[in-house]
Each structure stands twice: as structure tokens, then as C-alpha cells.
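Here are the chains, one letter per residue:
Number of protein chains: 4
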Amino acid sequence: MLLELKEGTNYLDKQILIDRLENMGFRVVESDANILAVIGGVDSLVVTEAFSELPNVARVLPLTSNFKLASRQTKPSNTIIKVKDVAIGGEELFIIAGPCSIESREQLEACALVAKANGAQALRGGAYKPRTSPYEFQGLGVSGLELIAEVASKHGLLAVSEVMDASQIEIAAKYLDIIQIGARNMQNYALLTELGKIKTPVLLKRGFAATYHELLMAAEYIMLAGNPNVILCERGIRSIETYTRNTLDLNAIPALQELTHLPVIADPSHGTGVRSLVLPMARAAVAAGAHGILVEMHPDPDKSISDAKQTISFATFADLAKQVKNIKNALLL
Amino acid sequence: MLLELKEGTNYLDKQILIDRLENMGFRVVESDANILAVIGGVDSLVVTEAFSELPNVARVLPLTSNFKLASRQTKPSNTIIKVKDVAIGGEELFIIAGPCSIESREQLEACALVAKANGAQALRGGAYKPRTSPYEFQGLGVSGLELIAEVASKHGLLAVSEVMDASQIEIAAKYLDIIQIGARNMQNYALLTELGKIKTPVLLKRGFAATYHELLMAAEYIMLAGNPNVILCERGIRSIETYTRNTLDLNAIPALQELTHLPVIADPSHGTGVRSLVLPMARAAVAAGAHGILVEMHPDPDKSISDAKQTISFATFADLAKQVKNIKNALLL
Amino acid sequence: MLLELKEGTNYLDKQILIDRLENMGFRVVESDANILAVIGGVDSLVVTEAFSELPNVARVLPLTSNFKLASRQTKPSNTIIKVKDVAIGGEELFIIAGPCSIESREQLEACALVAKANGAQALRGGAYKPRTSPYEFQGLGVSGLELIAEVASKHGLLAVSEVMDASQIEIAAKYLDIIQIGARNMQNYALLTELGKIKTPVLLKRGFAATYHELLMAAEYIMLAGNPNVILCERGIRSIETYTRNTLDLNAIPALQELTHLPVIADPSHGTGVRSLVLPMARAAVAAGAHGILVEMHPDPDKSISDAKQTISFATFADLAKQVKNIKNALLL
Amino acid sequence: MLLELKEGTNYLDKQILIDRLENMGFRVVESDANILAVIGGVDSLVVTEAFSELPNVARVLPLTSNFKLASRQTKPSNTIIKVKDVAIGGEELFIIAGPCSIESREQLEACALVAKANGAQALRGGAYKPRTSPYEFQGLGVSGLELIAEVASKHGLLAVSEVMDASQIEIAAKYLDIIQIGARNMQNYALLTELGKIKTPVLLKRGFAATYHELLMAAEYIMLAGNPNVILCERGIRSIETYTRNTLDLNAIPALQELTHLPVIADPSHGTGVRSLVLPMARAAVAAGAHGILVEMHPDPDKSISDAKQTISFATFADLAKQVKNIKNALLL
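Residue numbers (the numbering used here), protein chains in the order written: chain Z, 17 to 349; chain U, 17 to 349; chain X, 17 to 349; chain G, 17 to 349.
One or more of the hints may lead you astray.
Here are a few chain U residues that sit away from chain Z, every Cβ distance over 12 angstroms (derived from the structure) [what the hints assert, rightly or not]:
| no. | residue |
| --- | --- |
| 1 | Glu125 |
| 2 | Ala133 |
| 3 | Thr148 |
| 4 | Thr227 |
| 5 | His277 |
| 6 | Ala301 |
Each pair of labels, with its calculated beta carbon distance range [what the hints assert, rightly or not]:
| no. | chain 1 | residue 1 | chain 2 | residue 2 | range |
| --- | --- | --- | --- | --- | --- |
| 7 | G | Ser68 | Z | Lys100 | 55 to 63 angstroms |
| 8 | Z | Glu152 | G | Glu23 | 51 to 59 angstroms |
| 9 | U | Asn82 | Z | Ser292 | 19 to 27 angstroms |
| 10 | X | Ile96 | G | Phe153 | 46 to 54 angstroms |
| 11 | G | Ile96 | Z | Gly157 | 53 to 61 angstroms |
| 12 | Z | Glu162 | G | Lys215 | 47 to 55 angstroms |
| 13 | Z | Gly157 | U | Ala241 | 58 to 66 angstroms |
| 14 | G | Ser68 | Z | Glu152 | 24 to 32 angstroms |
| 15 | G | Phe153 | U | Gly157 | 20 to 28 angstroms |
| 16 | Z | Ala103 | G | Ile96 | 30 to 38 angstroms |
| 17 | U | Asn345 | Z | Ala66 | 31 to 39 angstroms |
| 18 | X | Glu274 | U | Gly41 | 29 to 37 angstroms |
| 19 | X | Asp316 | Z | Glu152 | 36 to 44 angstroms |
| 20 | G | Ile32 | Z | Ala241 | 24 to 32 angstroms |
Facing chain X, a subset of chain G residues (Cβ under 10 angstroms, in silico) [as the list claims (entries may be wrong)]:
| no. | residue |
| --- | --- |
| 21 | Ala66 |
| 22 | Phe153 |
| 23 | Gly157 |
| 24 | Lys170 |
| 25 | Leu293 |
| 26 | Ala298 |
| 27 | Arg299 |
In short, the hints are calculated from the structure, not lab data.
In this text, a Cβ means the ideal position worked out from N, Cα and C, and glycines have one as well.
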């Protein structure tokens, strides 16, 4: 439920109220305005009206969404996640670029150089790769994490990579600025709960057949466990179309932004699975209002060890970066 | 198959060759360059190599797509469909706006005024409505067609409306500038074949579970029957998401443009089914490269007799028209 | 709404009441028990309570489903459609078998012989073929209808074939015992309405992305237009699976039987698109409670002019017919 | 690749060949017949023809599926998994029944009694529950595992329950006869690999948008890591239908049996999500050839703490058990 405080309630009185609620066993989140969100699965067990008798409470409002901490109802203003000097979720477009898999220092250096030169703020690269087949390249593991941390830092970029299991979180948090959770693990609740115990921002990708609601509930798992820094990422869903690998669902961008205050970005590389579609769909994502985009590029796309079909060249990335900025500027006219 | 003519083949020799092929029973389409496309289901029955012995033929190339007339292989340059003074498929953005159903002269007049004032070129409105339930409003029929023809003409707009059966084509062709075929009839082959017998441009909507290939084969039915003026329209597919009515698949825009020379537009109204998503998704469609958009608006959206949930107000339409033009301009930078 | 009549209301009083309601502009359907269903889109316009004051009306009950004539609420007992000496929808399993396309008298004769010998009651074969490509075989047309009528009659089988357009109904009704509407035309409302004007039973196939509700609304179009003889057919939906052509949704069998009194059959040939799966899925359909099955067979399946991949041999059909009867018998234990 | 041995190759020569191959770094699996499967991601790196020169090798055959250990090509005969006195994958129908969540000893005892009395061989019950919302009941954890182990053992039933994270495997393997992996974790590769390190049979549920191929690749992860005891379970996929919670895809039963030698069972409870559909779909699954079924039941279904809508009563379960056995017997006629 949401508690609207009386006008003029001062900082101290607010803290006293929060303490009291927490002593009663509730989790309390301060919302933008003079509103406290009281969380904890208690909605069906307590008489919400009784809360109106607490000091300084003007009104008790129901919290109607199942996701509470992630809901825009709880926090009307956009959440801006600050990582080093980068602000994610605000006016500046957040661009993550890099190879699908980390293959070598040379490959990663080349990508970092191009990423930085074209205005990207983050370098991505897979160290642990979720592969459909156990016979395919599974990633460089920890040495990949070390490499991306070093190369990203050298070029003034944030390091972004995926973890697939709770056992990888500790080491990943040491090396990465943002930890990615892939589509296949979106409902790996044990992993989500562990991510809630650190503060490193989590880039949470939508499962390829997950609804918006389920994506938000997955974010809620992380937030409820203690980590408020969740970035949502639309990366395409399975549909009846076979020309593309996935169907990038851009409806998700404005729809999620209605439902949540968290940053929402798009991945047109996985979202299409087709190299020639990455650039136009990156533009479309930004036009739909995405706070950022994530794209896969490679010095020699055809030789990419994974996802070659959807990986773009450096030249295409330079075009893409320029065009998405033009679109972003057009939104301000 | 495609016949590449020898350099310097003159107009007369080309005509002689075309006549000869047609006398052999083939359908011949002149492609942009010095290329003739030979069509007719004959590919598996004739020895294509033998055609290289015809006069002025330099090379015989296979026509690899199943859709032939609609294929960009057959005709590399974009088809621009001219209707009165409007060119569809070229540089200018084509905007169709109007109510879901034609309800009254007043309603339609109000829409036409707003459409024109904001730069739309066409007025839409349903006279025959495909309704899931036989108990729902089925449209005004012929009187609706008369009304939209009159109002559109008065305001210098093209008239666009849907037909659902071959028996409605003759009267529709009399009143309309563009005939729409709805998603449910995309594979109504009897209807498609009849539309091939007129020259009125056809706005062909993608079925809600049809692949790009099937949409192009449906266009092929119309083209093979004699009508080359087909405009394709992405209008959302069914997916596992339930927050939106449909999932507007913007991958379709650049993907179809790779496959075909026909104009490709998007319908963010049906494609989302949610009023608040129409504007951002219209922007996204244009950013993806759509040649135009189709949107439903109403003087009083909540009172719209059909599809009220996805119908936008005049004020929103004015914003939308301005914003999509800003996006279109950004594509030219 | 449903009117429950007072106990002991006699035939004459009931007729008087029906006449009175019809004179008021309503459509009235007699339900099994002492119940009249009052249909006609009037539910939102009339005060239903007022009907309780009519003579012999004991109670007024709401009709909660959107499909009214097709609803089991309106008619609790199963509808059994009698065609010649065959009863469809009752205890006896209804088996339709034959080639995808009618190719020749020899082919059809061979199929009829095998169908009859193995206990099938109906012979199917396509005369008008809905093909994705205009370059593919489109069927023999009227001469195909003549052929199937003659061959079916000779072997004591019902003739079943598809129509694709209202213009084909008159001739089809002359030759066929059951008219099939294919998945692509399930929401061709003009066609459905025309089928309502005849009495020939209609085999209505579920669209490949249609919900149960939409299938029942399509049946409602036919029934409301005057033809109560509708047989529903589950034939597979599109899903993310690509190993099969379609995903036969057997949930549909018991689910539809909850919702409607109409007969429900299954087509494991289109529902799988894979020859080896037809037999086990035919068994499964019957075990799920289907009133019948429709299967495609051919004297030489690999040479079938259409749908060869899903067409079974005569030997497999003989096995299938035996096995589905064993399953049907097991349901009675 | 597959090595077909020369006729008459004796046991010793075969072992010498296997040792030699293993010393070369390959993994070797003995297939039914005189065939060795050589596994290990080596296919693209070695010249397969060279293997024909090894002693006793008659022919080298390509292994065409991506899943190797799970492929029926590698092992043509059905795998029968023996757990205590139960054989899974053979002629006897394997029935798993029990509550969705373990709630109390009384509840579990009641279920065990009914399960045993009606011929089920295994008792299921969730101790760790994957819930979409973090605010919902998450299961009793280890004490739930202790309870089900004790109650199952007392009644001569196998204990089946789900784990969600690698950290739960050790304790689960101590208490359970079969470890279930849920649909959301089907592609949790870290978890699958850990399950490969134990020998407890794994009941692997198909992801709700996973293809057959992906399910088999997930099984391959477990098998390649060392655990050959994998039971596949179809439990419904997401489709456009909303009347049911999921669409039980029974095509999967015969299709998977073509592709793999592993046992394949079906879960009509999750596969429908609708109580009234569980019984007919259980029959259909057995008629399609399933080696077993898994159903959720509860002493008081409406009070079930989770999945109440799809949970059947004891009386319905008794009917179901009887009817599926009748169907199973009908398959032998």
C-alpha cells in the first residue's frame, strides 16, 4: 500500500514513521513525493484502513500492481542509475557495444576503440556464454572478465558482461560495472535473489517468451532482495516469423515505461538476428523512446565466434551511432 | 527466371523478344535495368539454359524467390504508386488517418479537417467492418463509401476503406482511391484474385499470424492477376504478450524492404491496440524506414463505435504528425 | 437472455410466447429443456427483468457467452447432425478420409474403396485449393466436385470438400454433403454469412492463430444467418515449434466441448504436417474426446500433388482406423 | 560420428578399440547394435574417414543430429530408467501424482495413500517453488524434502521434487528418487551441468517456449556431464490461446520419441491449467504414446496453496488412473 503523508511532515517525523513501520515488520520505500510505499506481501493480511490512523498519514492508497518496488505507481519519476560518470535512464542515450563473445585482447581493444570514438559509454563482451549446445564455445570465463575490465577501463568505458550462475556473481562484481542476466535466466529466481545482495547494476534481459509483467516481476525479485539498480532490456521474442531470429517487440519500450520507473533499453542485435536489420531497428528503438541500445559488433563480423549473422561491422556501427543520435535529437524538437 | 539483355539492345529488339516470349506462353515483366523477368510457374518445366540462345540475351539468371512479381530481385528499384497527386513509396511520408468506423458525416468531416491540417494525404474510415461477433456494428456499407468519397474529395484527401468480399469490389472501386484488405482476409485468395482485375491500389494488411513470405505471396496473387499497385501494411501480430492487443513487428519494415520493391507502411493503432502507445510506435515505424503510417483517430475517442481503446484524439494526432515528420527529417541528415 | 418456462407450459402456450417475442423483434431458439434463448444483440438495449412478466416465464437468466446460438448454455445437450444415414456428434466416431487434392477418378476411387473398407463414413478431396502461392496447383474446380460426388455416392460415403468463396457455394451445395471452410477463411465473414443461407452442414476449421472464442464466433455467424449445422474442426495452430508444420492443440477438443453443443473433430494431418505423427495424434484426438477425425491419405503418398509430407498410405490408414476404434471403445469401459 | 564394427568383433577387441579412442581424447558411447558413438565436438576437427582404418571398424557413419548422446541415432532402442523397482520408459505406464506444493504432512499423506491405491508409482510435491512473484509462497525448502522422502518411502512410492539452483542439488539427491527441473530452468546450463555430476534421474521439463531441439540439447548438457538418466516432460507451451493457461503440445510425444531414446512423459496439469481438461488430456497423452504422466492433485483442490485452478480432486484422480490404464491397454490390441 502507499501512504500519502500530511503536507508539511518534516524529515524527522517521516523517519519516525518509517522506523515504526519497519519495527512492525514492513519494508518501506520512500517514493518521490510525500509518499511512502509499504511493501511485503502483507496487503492481503492487514487492514489497510488502520494505517490511516498512524501519525502524519493523510491517506492510504492501494498499490495495485503486483510488482511494487518496480512500479511507476510507487515512484512516478524515472530512476536514473549512475555508474561512474554515466547516467542511465535520463536524457542521454546509453550505448553499449562490443563483441558477442570475448575472443582476444586484440579483438576487444579494437571494439573499445571504435565504441569510444563513436560515443558509446559501455563495452560489452561475453565471458560466460549460454549456448544451446554443450559442444559450442562456452566462453573464456574469468580471464574474459579480467580482460574486459582492463580494456574497458583503459578506454574510459563501462564493462558489461553476463553471468549465468550465482557462483559467478562475486568474481563478476569485482570486474564488471554492469552485470547482464540473459533471456534464458530471466526467471532463474535463485540467481535473481543473489543479485539482490550486491549493488552492481543489473541489465536484465526479457525472456524470449516472457510477458512485460513477468519481466517486471523478475526485476522485483532483485529489488526486493536489496538491489534497486535494474536496467530492463527488450531483446526480441519468439513469434511465428522465421525470416528473423527473433521479433524485436518495440511496443515493450513505451509500455514498460508506463509501468515502471526503471531504465528500458533495446537490443536490436538479438532482437532481429539479421545483420542488415540492426541499424534500422536501433533507430526505431530510440524513436520509440528507449533509454539506450545494446549492439554486437566485431572487427570481422563473419569470423565472429558466435552470433555472426547478427554482428555488425565497425563501419556500420559508426553509421548507427550517428543515426541514433540524430533520432534522439529529433525527439527533442 | 531473369533474362539479362546484351548491352546495347535497343527498344525494338527488346519488344521483339518480349513478343516472342509471350507467344511462347510466358508472362514477361520489364525490370529496371536491362533485365526481363519471365514469370509463369514454368520454372520447373522448361530448360532455362535454352533461353540463353534467344537473340539479345546475355545471361539467364534464376529467380530465387517464390514471389516473383513482388520480388526486389525482379525489380531492384522502389515502386512508387501515384494516386492523384500523391506518390506512395518515395521520399515523402504517406499518412492515412481517420476513424475506425464511419459513423456520420459530422464525424468524418471533423477527421478530414484535422487530417488535412496536419499534413495527412488520405482519409480512412470503415464502411464494411470485419467484426469478430455478428452482433456488433457491421458498418454503414455503401452509404459509408459514398460519404468517405465525398468528404475526402472535398478536403483534397484520398479515400481509403476496406472491402471484405469480391461482391463489394465494383462499388468500392467507384468510390475509393485505395482499397484496403484486412488482416483476416489476407489469404482470401478469391478476393485477392478479383482485386487483380482492377487497377485501384490495394492496401494489403499482414495477417495477424502470417509470415513475411505469406504476405508477399498474397501480394503476388493480386499482381499476377494484373494489378501491380499493392501497398503492404504491417499491423501487428499475435504474440504471448497480453498487455497490448497485438505486437507491432517493426522488423517487418526493413525486412520487407529487402525482399520487395513495393511500398511498406505501418499501422500503430491496430499494432498496439493501446492508445498511449500509438504515438511512440508511429515514430518508431518511421525511424525503421516505413513509407507511411495509418492511424485511427476520432473527435471523441472514448465514444468511438469500434476500437475505442486504440483510437487517438485530434490533439494527439497533431503531435504525432509533427513528431513523425521530425523523425523522417532526421533520417535525411 | 434465457427464459426458463414455468413447469407444465404446454406446446401451444410456448408457441404463443415465441410468436409474441418474434413479433417484438427478437430471434428465439428453443433449447433442450423448458428454456427459450432470446437472441439478437438486444441484451444491452432491453430491461431483461421485464421479460419475467411475460406469460409462462418462470425465470430470466443472463446468457453470458458472446456466442449465443453456439453456446452450450443455450443448448446443454450435444447437437447431433444427421447427414443421410450418418450421425455426427453422437457416440459413433465420424471418420473422414481422402486425398488432399482430387487428382483423378482413379485416385479418388482407390481412396473411397479403402475409406469404406476401414469404416470411414466420408470421403474428402480438395477441388478448390487455397494455396499460398498462385503458381501452385489450384484444384480441378467444378469437375472435381462432380467427381467426388459421384465416387462418394457410389461407395456409400458422404462427399466433403472445401469452398473458398461465396460464388462457389451454390454449385458446391449441389454436389457435396458437407462443405468445408478452411483455416484461412475462418474469419471471412461474407462467406460465413452466405453459408448460413443454406442447410448443408459446414465443417468449419479453426484458423491457425484463432482462439476458441473466435472459432465459436465464426460458427455463430453461420448459425445466426440460419444454418445450425456446424461441425468444428481443430487443425493445428502456429507455435514456436518448427519440427512440425503446426501444433495440433488437443486442449481444444475438451475445451470446445465445454463451451458448445456442436460436434468437434480433429485433423491430425494438417495438425502435425508430419506423416509419422498422424497415427499417434489421431489416437490422441479420439482419447481427448473428439467426435471424429479427418485424415489425408493417398494411393502413393510421395506423389501427392499437395501436402505429400503429411499424407499417409492406405496401409497406415487401415492401422489408424483400427487403432482409433480401439481407443474409442476404451473410452466406454 | 558412429563407428559400425565389423561382424564378429568380440568383446575384447571392442574394449581395445574403445580404449584407443579414449586415449585419443574422444568420448565413446556403446550403442545397441555393433555401433560405437564417438562424441566430443570433434566432428569438425578430425577427418572422419581416417577412422575407417582403425581395427574392426567396418564403416564410419555421420552423426547428423546436434544432440548426440540423446539421439535415437546413437542408441536406437528405448532407454529404460530403473529407479528402485520402477522401470520408466518401458511398457508400464509411469504415473506421478501429488500436490503442487508440499503444505503439510497430513496433505502429503493423504495424497500418497490415494496415489498408491490407484497405481501411481511416484509422489510429487514442490519444496522449492519457482514463483513469478517474490511475494508468493516459496515452498517449505529442506523440511519439505525430508517430508516427501519420508512419506513416499512409507507408501512404497518414489519421491519427486524440483530443484531451482545448483546449491540445492546435494541435499535434494539425498532425499529424492527423481529430481525435477522446471520449465523456467530448462536452459539454466550451470544447473544442468551440475545435475550431470550425480546419477539421480532428472525429470526435465520443456521450457514454455522451447523447441524439441532445445529440449534435447538441454538433456545433452546433463548427459554429456555424466548423467544418462534423463526423463523428458512435455508440459505445455505458450500460444495465442487464452482459455487455457498453456497449450499441451502432444505432437511432442511421438516427435520426441522419433528423435530420442529417452523416456517421454506429459504433464496435463500445467499443460492445460484448467481442472476440467486434465483428465481428457491425460488420456490423450497416453494415446499419443507417452511413457507416463504427471498430475497435480490435492485433498481439497480449491484450497491448494498454488495452482489451485489446475489441481484435481482424489475422486477425479481415481477416474483418471483407471481411464489412462484403459487407454494404455487399448494400445496393445
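Problem set entry | Ala301/U non-interfacial with respect to chain Z [C-beta, more than 12 angstroms] | With a cut-off of 12 angstroms, Ala301/U comes too close to chain Z, as the shortest Cβ separation is near 7 angstroms.
Exercise. Is the hint on Phe153/G kept, meaning its closest Cβ partner in chain X is under 10 angstroms away?
Worked result: 27 angstroms, violated
Problem set entry | C-beta pair Glu162/Z, Lys215/G: status relative to the range 47 to 55 angstroms that was hinted | Given a distance of about 36 angstroms, which is not inside 47 to 55 angstroms, the answer is violated.
Exercise. When you take the CB atoms of Phe153/G and Gly157/U, is the distance between them in 20 to 28 angstroms?
Worked result: Roughly 56 angstroms apart at Cβ, these two residues miss the hinted range, so it is violated.
Exercise. Okay, Asp316/X versus Glu152/Z on CB: inside 36 to 44 angstroms?
Worked result: Since Asp316/X and Glu152/Z have Cβ atoms about 42 angstroms apart, the given range 36 to 44 angstroms holds.
Exercise. Against chain Z, does Thr148/U keep a CB gap of more than 12 angstroms to every residue?
Worked result: 20 angstroms, holds
Problem set entry | Assessment of proposed distance window 51 to 59 angstroms (beta carbons of Glu152/Z, Glu23/G) | 37 angstroms, violated
Exercise. Close enough to count: is the Cβ of Gly157/G nearer than 10 angstroms to one in chain X?
Worked result: Constraint on Gly157/G not satisfied, violated at 33 angstroms.
Exercise. Is the interface hint for Ala298/G satisfied, with its Cβ closer than 10 angstroms to some Cβ of chain X?
Worked result: Hint on Ala298/G: holds, closest Cβ of chain X at ~9 angstroms, below 10 angstroms.
Problem set entry | Supplied distance hint 30 to 38 angstroms, evaluated on CB atoms of Ala103/Z and Ile96/G | 60 angstroms, violated
Exercise. Taking 24 to 32 angstroms as the hint, is the beta-carbon distance of Ile32/G and Ala241/Z inside that range?
Worked result: Given about 56 angstroms between the Cβ atoms, the range is violated.
Problem set entry | 12 angstroms cut-off, C-beta based - Thr227/U kept clear of every residue in chain Z | The assertion about Thr227/U is violated, with a minimum of 6 angstroms to chain Z.
Hint check: violations occur at hints 4, 6, 8, 11, 12, 15, 16, 17, 18, 20, 21, 22, 23 and 24; the rest are consistent with the structure.
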